[in-house]
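Trainee: Kindly generate the complete structure, drawing on both the sequences and the hints.
2 protein chains.
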Amino acid sequence: MKVGILGPRGTYSEIAARNHFGEKVDISPYPLITDVSEAVEKREVQFGVVPVESLREGSIGETLDALAWKDVKVNAEIVLKITHHLLGTEETEFDEIKQVLSHPQAIAQCREFLRRNLPDAELISVTSTAKAAKQISKDGKHYLAAIGSRGLADLYNLKIIEENIQGGKEDETRFFSLAKKDNEPTGEDKTSIVFYTKEDRPGILSEILQGFAKRDINLTKIESRPSKEALGDYLFFIDFEGHRKEPSVRKALEKIKSKVATLKIIGSYPKIY
Amino acid sequence: MKVGILGPRGTYSEIAARNHFGEKVDISPYPLITDVSEAVEKREVQFGVVPVESLREGSIGETLDALAWKDVKVNAEIVLKITHHLLGTEETEFDEIKQVLSHPQAIAQCREFLRRNLPDAELISVTSTAKAAKQISKDGKHYLAAIGSRGLADLYNLKIIEENIQGGKEDETRFFSLAKKDNEPTGEDKTSIVFYTKEDRPGILSEILQGFAKRDINLTKIESRPSKEALGDYLFFIDFEGHRKEPSVRKALEKIKSKVATLKIIGSYPKIY
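Protein chains in written order, with the UniProt record's numbering: chain A, 1 to 273; chain B, 1 to 273.
Treat the hints with caution; some may be incorrect.
Claimed, not checked - A few chain B residues that face chain A, going by a derived Cβ cut-off under 7 Å, partial list only:
(1) 123
(2) 203
(3) 213
(4) 223
(5) 272
Stated by the list, open to error - Below, a list of computed lysine to any residue pairs in the SDA-like style, where the Cα atoms sit at most 20 Å apart:
(6) B:214 with A:204
(7) B:221 with A:194
(8) B:180 with B:81
(9) A:221 with B:228
(10) B:228 with A:273
(11) B:214 with A:221
(12) B:81 with A:227
(13) B:259 with A:206
(14) A:214 with B:259
(15) B:198 with A:218
(16) A:70 with B:167
(17) A:198 with B:220
(18) A:271 with B:233
(19) A:228 with B:272
(20) A:221 with B:260
(21) B:228 with A:214
No lab work stands behind these hints, which were simulated from the structure alone. We treat Cβ as the ideally placed atom computed from N, Cα and C, and that holds for glycine.
Mentor: Encoded structure:
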């Protein structure tokens, strides 16, 4: 079984994929989330694991776009506790750190620590935490540090200068497993949908949500996102409890379909949280 | 009048601030969105201009956080058309470009162009488009390019290698002007609020939205964002038409207040789009 991930190796997406599919799974790293979803679309891989939402930073736009526009379904959600550490080489001295490299999401998550402890350090965003670790390991300069997981410290032979530098408590990130088909009902499922309302009138969204409320379906997330046609023109992403094959969910979805311009059922999958 | 912006100089936030407050305004650049909102909070500046939402990439999490948690109001929205160009020094040759520097949002917006035309180039995210332009101008290497505005090309003496490289049509970005007070009614206003519902039961959000629908108040945006307590625990950001001092809006807000755990009125301001 081949699983595409947001690469390179050593990122949290790989950890999420191995947690879900087992250690022995065959991992194919791709440079962008869009590439992972296209690999699933073209059946280069059977599944693709991409981050969809972080506790601290919210939704990942590139993933929402892939869910809306690519011919892929979600067949599982995977939740990972994420702990960021400040990593350095043997040469790195805390007082001499001038540049900190990491993925922009990780930098944002450690914003408070960086502002308080390294206010003058330049924050350099690279495309993954793994790339940051690899680069400082290669450069070996005393003024360089990276932000990443303990796994990366092992992989690139780095030391942990400071543990748990993300703001407050641990961060959790939710990943989606993408596939050509979603999952069969398990009795405790969630469903993700995206729709676009052509009409811009008061109450349309309230009517749609009422269709869920009337059938006692609990919403777990709602998000509007620019449709890319014009600012103020939105796609709506909704997650709710239940499987699309359950009668009450089926009725709610039929009702929505009659009210909106386009509706895509992104998939039903076992509920994790 | 002193206006804080997300720095450094030459970023789109500065352009937005000058468009709104006039060319002669006294600009103070800050390194992070959080810093701009704190400068307004502590009255170091009278206003702060920060990006809140891009047509392509959606909401900017750091700004939503500042709106929810800092003691600031929104007194104006500013909408800017954003056109990204591929910038280089005199030495840069298109066929030799190996590294492209920019803000992660700009890189994401030019994702399609980069994938098709520079698939092997390393994408290096820095904290602003201005920083990217400054850095390639300083380094002067033939394999370096940056993504940014025409203004940056002028400011750092760079050439435009390729125009309009953002995906599809122009991008628009919406900025908020932050202040200690929001704006008085103008007759055509919008209001932004954020609330947190303690109860997790089907229908609570639908009930809240119905309070708007019943009074013919049009919602222009809705977004849930992790509350940072636990994944699946959300703050809701809603923008709607009308001023908080209008009787129907006041009634809708009272109704919401009785249903939610916390409600913050982020501000009422003239409607731009």
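Trainee: Give a verdict on every hint.
Mentor: Hint-by-hint comparison with the structure:
no., hint, result
1, 123, "holds (6 Å)"
2, 203, "holds (3 Å)"
3, 213, "holds (3 Å)"
4, 223, "holds (5 Å)"
5, 272, "violated (9 Å)"
6, B:214 with A:204, "holds (11 Å)"
7, B:221 with A:194, "holds (15 Å)"
8, B:180 with B:81, "violated (27 Å)"
9, A:221 with B:228, "holds (14 Å)"
10, B:228 with A:273, "holds (15 Å)"
11, B:214 with A:221, "violated (23 Å)"
12, B:81 with A:227, "holds (16 Å)"
13, B:259 with A:206, "holds (16 Å)"
14, A:214 with B:259, "holds (18 Å)"
15, B:198 with A:218, "holds (14 Å)"
16, A:70 with B:167, "holds (16 Å)"
17, A:198 with B:220, "holds (13 Å)"
18, A:271 with B:233, "holds (15 Å)"
19, A:228 with B:272, "holds (18 Å)"
20, A:221 with B:260, "holds (16 Å)"
21, B:228 with A:214, "violated (29 Å)"
Hint check: violations occur at hints 5, 8, 11 and 21; the rest are consistent with the structure.
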